[in-house]
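S.K.: Just so you know, the protein sequences line up as chains S and B, in that order.
Under our numbering, think of the first position of the first sequence as 5, with each following residue one higher.
Under our numbering, think of the first position of the second sequence as 492, with each following residue one higher.
These aren't lab readings, by the way, just hints derived from the structure by calculation.
Where hints are given, some of them may not hold.
To be verified - Going by beta-carbon spacing under 10 Å, a handful of chain S positions derived as facing chain B:
1. Pro97
2. Gln98
3. Arg134
4. Glu151
5. Asn153
6. Ser170
7. Gly263
8. Thr264
9. Glu268
10. Gly319
11. Arg323
12. Asp325
13. Lys327
14. Phe486
Claimed, not checked - Below, in silico cross-link-like pairs of lysine-lysine (DSS-like), each with a Cα-Cα straight-line distance of 30 Å or less:
15. Lys595(S) <-> Lys670(B)
16. Lys555(S) <-> Lys1032(B)
17. Lys600(B) <-> Lys990(B)
18. Lys660(B) <-> Lys545(S)
19. Lys670(B) <-> Lys817(B)
20. Lys660(B) <-> Lys601(B)
21. Lys996(B) <-> Lys545(S)
22. Lys1032(B) <-> Lys1042(B)
23. Lys448(S) <-> Lys601(B)
24. Lys932(B) <-> Lys601(B)
25. Lys1026(B) <-> Lys996(B)
26. Lys555(S) <-> Lys601(B)
27. Lys51(S) <-> Lys671(B)
28. Lys865(B) <-> Lys932(B)
29. Lys996(B) <-> Lys1030(B)
30. Lys990(B) <-> Lys595(S)
31. Lys491(S) <-> Lys448(S)
32. Lys595(S) <-> Lys491(S)
33. Lys141(S) <-> Lys1026(B)
34. Lys555(S) <-> Lys448(S)
35. Lys122(S) <-> Lys865(B)
36. Lys817(B) <-> Lys555(S)
37. Lys817(B) <-> Lys595(S)
38. Lys555(S) <-> Lys739(B)
We put the beta carbon where it would ideally sit given N, CA and C, even for glycine.
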Amino acid sequence: MTSRYPAPPARRLRVYAFDPQTASRLGSVDYAYATISLPWEQAWEDKLQPGPVNEYVEVIDVDPASGQFYDPVDLNNSYLLAQDGLTPSEGNPQFHQQMVFAVAMKIIRIFERALGRKVIWAPHWNRQRREYEPVDKLRIYPHALREANAYYSMEKRALLFGYFRSTNASAGASWIFTALSHDIVAHETTHAVLDGLHRRYAEATSVDSLAFHEAFADIVALMSHFTLSEAVSAHIQQKGGSLDEASLLSGLAEQFARGTVGRESLRQYVGHKPEPELLAVTTECHDRGAILVAAVFDAFLTIYKARTDDLLRIGNVTRGDGKRLNTDLVARLTREAVKSADHVLRMCIRALDYLPPVDVRFGEFLRAIITADNDLVPDDPHNYRIAFAEAFRARGILVEDCLSMSPDNLLWESPEQMFGKNPLEIDDLDDIDLDLEAHYTRAKILESSESNRARVWEWLSTPDPDNVSVDLDWERALGLYFMFREKTPRSIFSSDGYPSVEVHSVRTTRRAGPDGQDLRQLVIEVTQRRRAYFDPGEQDKADVGKGPPAKEHDFIFRGGATLIIDLRDSKLRYAIRKCVDDDERLDEQRKLLSNPEGFGFTYQPESGEREPFAMIHRGH
Amino acid sequence: MAAKAKTVKKKAAKQSKKAPRSASAPSKGRRPAPDTRSTAEATDTPAAAAAPPADGASTVSIRMYRGLLGDFFLVRHTVGSRAFKMLIDCGVLQCIGSEAAKPSTALGKKRIVANVANFIDECEGHVDLVVATHEHYDHLSGFILAREQFEHFTIGKVWLAWTEDRTDKLANNYRNKTKKALAALVRLALNPALAAGGDSMRTVSDLLQFYGGLDSLRDDALGLAKPADDGNLSGNASCEAVLAWLRKRAGTGNVSFLKPGDVVRWGLDDMFRAYVLGPPRDDELLRKLDPSKGNSEVYLARNEDVENVVGLAAIHGKGGAEGDGKEQPFTRMHQRPYNRDNKKPGDRESDRNEAVEAAAAMDRDEIIARYERKQSFDRSIDHEWLGSAETLALKIDGDVNNTSLALALELADKSVLLFPGDAQVGNWLSWNRQNYPADDKRGGPVLRIEDILARAIFYKVGHHASHNATLRERGLELMTNSSLVAMIPVVEATAREQKTTKSPKGWAMPYDKLYQRLDQRTNGRIIRGDGDPTKEQIKFKDSVFKLSYGKDFEDKGPLWTELRLDVG
């Protein structure tokens, strides 16, 4: 909009800080509301329309269960602009629209800030045309279901929120709307963002893979509680500077939990002593994910403590002894808590670029956190990295092939460490003319990343004209094959007589460290598919067989690598790979898929869940 | 081979001697019959077994009627010319959809009529005991489909699960809830616009067929169902009506509602004992349908789920009362009716001025257009909400299965014939909640469920050998008796015809992993409703049971298959 006045810096929208229940209790009403500031739409972005609909999301408030299509809220209406949007209210569907919009956008901005680039939704695979189509806007349906559930639907690229009636008095409402729970909206939005970054993480490749999705969504929902400084400060005052007691801040989705299971939170991340053995025996994905979240939360608590010990000494108080704190001290402690949470969340999000493209494990997440942080902030004055390593170890999340759990050893190996020397020359990268310019519009970003993908594919899959050993080195580093050689598993999918290779994504990032460090990287993800069979004998046959195997495969096994290239000196920093010929890993996946009896009482396999990201999985 | 069978029997006899204070052994033959009617009938009735045993020999036989995706068992105890006859269930799956699409399913009706004819003939129109395990069509529909033949049928006693007891508060609560849910689901299923809405409603309709089909359910829901006044069942009777009919036929005083831990008697002169294993009286276990992964099932508050679907039925259902407005989450001020297929101008009640109204209408039209705009993939959510109806239908289905009367019929040598109905996980899990008196003395020794299962030599596989009606560690794996055989009342072709887009291969009955394990456990001695007699006979050569078959039904193989065991 052109105007003779300068655009305001931010659009402010009021929301429930947690959920409507917090607002109906005297003890918490002081911090039950929050105002989310979203950057005002830039000139090149889609304008905000009634819905709300903007550059990233479209809120569509159809309620088919009730046979209704509620009027969309127009946030540009001057009355609403003048009062930071509608007043929080459970009875007004337009406020529901405002709240899902504001919280989803807040999460999107958190990701963009930490990743140093725009959030892109997972493209849609068009079966007819056999190509990926960009998905411009994520759909949000605030009243999609009439049940105690909410999920990110990969099929529809949409967030579906349910509402339900509860007779549970402690929920304090007869209708409960998941769209009004900050935690549930944040959780589901994170699923969508993560799916856009790593499409293959939704596949059940190991007990860790789906659990990781759940865990990450919880981490974001949980850590974003600490952006609410009023709630944090009230809590710090009440608990004498301590954060490690179970509370609203450390639990998730209180009203939802009360309305369904009658508990105080759906998941509570404080108060469980670390049990290193627990991880090995936990297989349900939400439960397993909870262990990872607890580890991250422990790291946060350690960091917060380390950052505030001196403040408490200055104030001459012992943490948590119940003495009323000086208001200035509370303000300082709150700032430290907010800052620590922000750092922890950023470290976790930045790690996403340092993960393998398929089959992620908890231990790899730790290595990614440490490495990503090390690259951006070479020294670690507050010992964040040790805090993470220690917290993960205490929860039994170990890294298999590392010398020790010290941060130094947890760094991803450089190609030099892996192969003795860096065998991979990327000096010809300049020749392929990648579009490395920083684009602002998301349409342009999508276009440029698509063309970069094609160029990198061309570059990688063209054999070196002079020296075959160059190609062999690349195959080794990426853990996949460009040519069928003697020992190449024939079960790898092929086209035109060559193993198919997919360049999954090519993205550039630009990050700034605390001391003005500027990090420009190119992240390339390459994957390959292999036909896999439940019967190892069948697998062997397919692996040595000539031509396409006769029998239809039972499942797909993927391998691949994430390449991180430093654009400042055009050097390959890391090749984070999952070999496609790793038969041990294949066997693990086979066991998971074919032997699910271990989970249950009967002879039944895990039923195929249509929506893997539901808050609650429908029991059938 | 015969020699081997003998040794097995000897072993069994030895066991019975070792067993503490066998209750039935001393009373064998001398025990005064408390039920005069059954003895009177039995003496009046000449032995009617296909191959009558030698005079004086005591045998027990189990006849399974074949060619049914449904349970239909005749269990008999014969001594000389006297016989005790017990009918356990009599039903077949309803055919939904066209005969052309489901030829095997469609055959079921004809088949059960022929089966019932044989049965009536065989038992001469009278049985001493009817066991009706639970209120599902595939266990009771024979009484409806072949109702003419049952017109003069007489019944000595009826055994039902305690959940059918009208004087039991817990049972009534449970039954009312089920009825309410079914009525709501029927109203949704009767809305043709929803039926077109994909898989969820198809599943609901399919599951409703287990209660007697939409017609009878609609009549029930609308209050149109009239009780048959001539004492016979009507053609569209519901399963509930069948149970009422059975109770009436047997007469008051001859109907027992069995609770877990009860010990009841069966056989000639009440010679044998039977242990009642389930259904549990624990509400929580009744609700446990599936193996617990995590605790997903405890999240579901059942009453609320029923209320929820009742609310949805008030909005979308056909037949029944209109809603009272409480089924809408928002007040009328915010309501904007919308039906994608049947557009009507929104009946807006507003006192806002016209210009404001027009602006709001424009905004709304724009967002509706955005929603309805065609994209290269379907992003609309018109029918996603039906998932909650589907979930409830599945839950109710499992609930009813879990109210199955699960019985362990004991023989004189203490071996056990296991008839669990269609018990699902919760029912199985509850069997160790109580002990079972080993004899009739108060305070005497007790049996644990492990003891009983270890003695099982016969297992009627639950729920047509589906994935979730045979417990593994605390079920089949405990049936360690080397003589174990299994009968599966299943027609795989029929099960495979029940296709939806979600399960394109139809129902997995029998479920292969369970079947493999059964095959190992029984050493291949499995009888199926659609089995190949030649192959089955080979497997049974060395069994303690003798296997025989009835005459052929058209070209579809024998009408029935029977296992016979000498019991001394």
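S.K.: Checking each numbered hint in turn, tell me which of them this model violates, lowest number first.
M.R.: 3, 9, 10, 11, 12, 13, 14, 15, 16, 18, 20, 23, 24, 26, 27, 28, 31, 33, 34, 36, 37 and 38
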